[in-house]
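2 protein chains.
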Amino acid sequence: MDGKITMKIHSLAAIVATILVIAAAPLWAAAPASTSAPTMQQVLDASKPSDWRPLNPADTLYMDLPEGRVVIELASAYAPLHAQNIRTLAHEHYWDGLAILRVQDGFVTQWGDPAAEAKHPVHPPRSLGKAKSTIAAEFEREVSPALPFTRLPDGDVYAPEVGFSNGFPVARDPQTGKTWLVHCYGMVGAGRDNTPDSGPGTELYAVIGQAPRQLDRNIALIGRVVQGMQYLSDLPRGTGPMGFYKDPAKQTKILRVRLASDLPPSERMHLEVLRTDTPTFAALVESRRNRSDAWYLYKVGKIDVCNVPLPVRKTP
Amino acid sequence: MDGKITMKIHSLAAIVATILVIAAAPLWAAAPASTSAPTMQQVLDASKPSDWRPLNPADTLYMDLPEGRVVIELASAYAPLHAQNIRTLAHEHYWDGLAILRVQDGFVTQWGDPAAEAKHPVHPPRSLGKAKSTIAAEFEREVSPALPFTRLPDGDVYAPEVGFSNGFPVARDPQTGKTWLVHCYGMVGAGRDNTPDSGPGTELYAVIGQAPRQLDRNIALIGRVVQGMQYLSDLPRGTGPMGFYKDPAKQTKILRVRLASDLPPSERMHLEVLRTDTPTFAALVESRRNRSDAWYLYKVGKIDVCNVPLPVRKTP
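Protein sequences, first through last, are from chains A and B.
Numbering-wise, the first sequence is residues 1 to 316 according to the numbering used here.
Numbering-wise, the second sequence is residues 317 to 632 according to the numbering used here.
The calculated label-pair distances, taken between Cβ atoms and stated as ranges, are: (1) B/PRO632 to A/ALA146: 53 to 61 Å; (2) B/GLN358 to A/ALA146: 38 to 46 Å; (3) B/GLN358 to A/ASP293: 42 to 50 Å; (4) B/PRO396 to A/LYS314: 45 to 53 Å; (5) A/ARG256 to B/ARG369: 46 to 54 Å.
If we take Cβ atoms under 10 Å as the criterion, some of the chain B residues that face chain A in the derived model are: (6) GLU383; (7) GLY422; (8) ASN623.
Quick caveat, the hints were computed from the structure, so don't treat them as lab data.
Just so it is clear, CB atoms sit at the ideal spot from N, CA and C, and this is done for glycine as well.
Could you build all of it, start to finish, from the sequences and the hints given here?
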């Protein structure tokens, strides 16, 4: 669609057409081929130390499964009440000895207290201690300067705007002034029942399939798996309804969950994630919109918010 | 955006604005809540026998792994040369005793001949028999009446139009007159090297993570897993580059792959898939755009092509 066409018309028609060109262009225009762009690896190799951000120990969970460790970064800025309750639960060792309850193929892996889900539990549900059993919904927030936003250029099926905020995939609606975390692969949320305040963070889930974006704004996302995703995605699928394990013996035990800041410094992992508000991140996005690897014959020139890699590395 | 606005203007401006309203509206407009819509289960319960299509035995592969059977429907209309070569390979029992070579988390599971990928293979690569070792690229096709198209209403980040064609997710570009299969979860493609004709269907992959749409038009998709996807998605991730298994002992053996039409009728499965060109399918799509389940507090009113379920059932 040639923008010049709209210049010949005027008044309301011109305004409407111009707005719509802006709105529609990313979805329609063929992308110009970008042949000299660096690859993602080249972008990362050229990154500066300041392009990286260490994980905050007070926002970092280690979940140890028999196969290995899952590292989760809490999204405190988007779900502060949930993050605080999860810190309390981890501090009390709430999840130690609990289990993976549900693995629904192409959807989610979910963990928590088997007794809270069982119809006829052998033991009573585990005490929440000082943690709260209900928390007000944290499904979206007001747009604010405290929530930075790096917008992606290619639009989105589900939301007016998408991009990244402190390393988390997010969406925004300028009309309502709201912003929210989005359900990409590896995002972690707090399972709930039918009432909005029924997910206190005791039972958590991670996305293991195609981004289930219909969950956005329906449930509180509380963070993201930054390392060890494979230990949640390669588990045997549950054969009961919604992927729950019919046979409790198939549930994978959780060895322990710890907040990094509850551990002595010598036991903490030193990980850092690529910042999403830098020219280096913009270059990384571009390297994925137009792959310059020799294998790619057709460069699509687009990227979906859930296809942008979010690199993590050991602190050099 | 109110369609009536465009009715007051005329000629080119009206045409441009109308086209753009159609193009842009699904990405921007808040969707009206649809509270009385049936659930997907209600849609399926009310379906007629004619809403379903039996799998064609000549287009159906059974891949038997130690954990269970994967059923793949070949997309003969989109990749006829590849489908024919794959039929030949199955007829010759090419894959029997070969292996899952690669499981890259959030991306693909890939299978084929370990000797074809190994640097120092113990055995020479398996003979392809009467099958071809190279096939011309089948990355896209001309739009034609032989390729039906049920368009989805909500747009797409990567393509001008998306929808379904005989049960497969597809995209179209009206400007180029081309259509192609898209890389949704469960889609199966023919791995290739850097030249476009280097993927004869001997080494196949299935998508196990977020739709890697950057692969669209870069490689031949040849079909879709219609049953048993969990046996490809729950495998241990490879720890080598690109998810290849460093240790060949970790590779999962393929017991056998058969084309259903090569088996006696008594050994064939009787499966049928929901047709994608019926009012019932349109109702199913609507049931997923606006979930009427009590759990959903916010109805997004949108759906991505890779989030539309494609039901399969035993023939009643």
